[in-house]
Amino acid sequence: MTNFYIRWGGVCIVAIVLIVLTYNHYRDNLASLAPQQVKQEAPAGEVRVLGMVQGGTLETRAAGEATFSLLGESVSLPVHYEGPPPDNLRELKILVLIGTWTADTQVFEARDIGIVPNYGFIAGAYLLGLLPLALLLFAMTRRVSLLYEEIKASKLYEEE
Amino acid sequence: MTIHRVIRKVQRFEGWFGGGAALCLIAGLYVGLIGSPPDYYQGEVVRIMYIHVPLAHTSLLGYTVLAVGSLWYLWKRDPIVDNMCQAVAALSAVFTALALGTGMIWGKPTWDTWWTWDARLTSFTVLLLILIGYLMLRTFVDDPEKEARYGAILAIVGFVDLPIIHFSVEWWRTLHQPQSISMRGVSISSGLLVPLLLMSVGMSLLFSYMLMVRTQLLYLDRLLHAKKGRLLSQFHLSKSDS
Chain A
43 MTNFYIRWGG VCIVAIVLIV LTYNHYRDNL ASLAPQQVKQ EAPAGEVRVL GMVQGGTLET
103 RAAGEATFSL LGESVSLPVH YEGPPPDNLR ELKILVLIGT WTADTQVFEA RDIGIVPNYG
163 FIAGAYLLGL LPLALLLFAM TRRVSLLYEE IKASKLYEEE
Chain B
27 MTIHRVIRKV QRFEGWFGGG AALCLIAGLY VGLIGSPPDY YQGEVVRIMY IHVPLAHTSL
87 LGYTVLAVGS LWYLWKRDPI VDNMCQAVAA LSAVFTALAL GTGMIWGKPT WDTWWTWDAR
147 LTSFTVLLLI LIGYLMLRTF VDDPEKEARY GAILAIVGFV DLPIIHFSVE WWRTLHQPQS
207 ISMRGVSISS GLLVPLLLMS VGMSLLFSYM LMVRTQLLYL DRLLHAKKGR LLSQFHLSKS
267 DS
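In order, the protein sequences belong to chains A and B.
The numbering of the first sequence is my numbering, which starts it at 43 and goes up by one.
The numbering of the second sequence is my numbering, which starts it at 27 and goes up by one.
The shape of chain A in the complex, shown without the other chains (with noise of 0.2 angstroms):
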């Protein structure tokens, strides 16, 4: 059984390191500001907005340039994108916008544009996915690795 026991916590480390690398991995992504907030603070340096494209208010001038009002909670910030050309830049859809708070002419300056990251429903499918699989497995490797404990100790085991 020490055997047993000891492969199964390899598979533990494994698992341990392989979410601290993808936490890592998505940590910055998962922080991001709502429209007031970046009114109230203007903070600076780049940062990530979430907020919904306020209707009647997107206005493209070229492939890749974009006017549009980003609306929070009653409170909707000017923003000029300018970047690659966006695929998911549409009103009434919420979106997460990467750059910078202007506090001179009160406009956000967005060099990238992407949908919202619905991580919550990515870790519950791979949680949902390989959990339940992994203790089935533990249960049923540990069960057959007693039942032949107990057969060799009830000299069971022999040529019929």
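In case anyone wonders, no lab produced these hints; they're calculated from the structure.
Virtual Cβ for every residue (Gly too), placed ideally from N, Cα, C.
Do not rely on the hints blindly, as some may be mistaken.
Selected chain A positions facing chain B (Cβ under 7 angstroms, derived; list incomplete) [what the hints assert, rightly or not]:
hint : residue
1    : L60
2    : N66
3    : D129
4    : I157
5    : P159
6    : F163
7    : I164
8    : G166
9    : A167
10   : G171
11   : R185
12   : V186
13   : S187
14   : L189
Straight-line Cα separation of at most 30 angstroms, BS3-like style, residue types lysine-lysine; simulated pairs [unchecked claim]:
hint : chain 1 : residue 1 : chain 2 : residue 2
15   : B       : K253      : A       : K194
16   : B       : K253      : B       : K35
17   : B       : K134      : B       : K253
18   : B       : K253      : B       : K102
19   : B       : K172      : B       : K253
20   : A       : K135      : A       : K81
21   : B       : K35       : B       : K134
22   : B       : K254      : B       : K172
23   : B       : K254      : A       : K194
24   : B       : K35       : B       : K254
25   : A       : K194      : B       : K35
26   : B       : K172      : A       : K135
Given chain A's structure and the hints, the job is docking chain B onto it.
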């Protein structure tokens, strides 16, 4: 061939399947969660595909093994094959339920609903019900020979659901997306294909490994019970003689 030789042979293959499954799944999880790009339309949610699709494929593979094993059992009446059928049915039921569960989680952010009576989802649910029915049938029939025979017939009849599941996205207008990998070609980019293949191979190997373990478990359990019963009857016989 003696029992312990059979068990030792199974154990020898077991390690290869288990090790292969671990390597493929670790590589698949790393590439799928960290190394691969998000989809241009679905974004990060596409990563659910790397767990959902392999689970669904493996459950279909499991049911195919069950149907073939059942045919083999009806022909040869080999109890070891029946053991394997019982083991594969339980595992397929687990994989099918998990495929449905992960599909529901994918459906919420993609279709904005946890469930819809779509042809693919409904036919897959029917597969789960057939498997549950198979396992219940095997529990309720007392005679082991009848239990195995009825189970085999049900499994073979239930196989008709597999082509329905496979072609449901072509036969009916469904919400579920059509197949990305088919005889007509591959319609997903290599960045998404690599983790999908790694996870699919890993899941198939894991299923095979779990099947070996479970078959062994059922076999050892029955062996222990049979031997204990035989020893008990010998003990009673010797007592009644004396």
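Does B/K254 pair with B/K172 here, judged by a C-alpha cut-off of 30 angstroms?
23 angstroms, holds
Against the 30 angstroms threshold, does the CA-CA distance of B/K134 and B/K253 hold or violate the hint?
Violated: B/K134 and B/K253 sit about 52 angstroms apart, past 30 angstroms.
Close enough to count: is the Cβ of A/F163 nearer than 7 angstroms to one in chain B?
Holds, about 5 angstroms.
Hint check: is the beta carbon of A/V186 less than 7 angstroms from a beta carbon of chain B?
At about 5 angstroms, which falls below the 7 angstroms cut-off, the nearest Cβ of chain B leaves the hint on A/V186 intact, so it holds.
Does A/G166 hold up as a contact with chain B if the rule is Cβ-Cβ below 7 angstroms?
Nearest chain B Cβ about 5 angstroms off; hint holds.
Within a Cα-Cα threshold of 30 angstroms, do A/K194 and B/K35 meet the stated pairing?
18 angstroms, holds
Is the hinted pair B/K35 and B/K134 satisfied, with a Cα-Cα distance of at most 30 angstroms?
46 angstroms, violated
Mind checking the CB of A/N66 against every CB in chain B and telling me if the closest is under 7 angstroms?
9 angstroms, violated
Agreement of B/K254 and A/K194 with the hint, judged by alpha carbon distance not exceeding 30 angstroms
Since the Cα atoms of B/K254 and A/K194 sit roughly 13 angstroms apart, the hinted pair holds (cutoff 30 angstroms).
With 7 angstroms as the cut and Cβ atoms as the points, is A/S187 at the interface with chain B?
10 angstroms, violated
Per-residue hint verdict: A/L189, partner chain B, C-beta under 7 angstroms:
Nearest chain B Cβ about 4 angstroms off; hint holds.
Within 30 angstroms, alpha carbon to alpha carbon, are B/K172 and A/K135?
Violated, at roughly 60 angstroms.
Checked against the numbered hints listed earlier, the structure breaks hints 2, 13, 17, 21 and 26; every other hint is satisfied.
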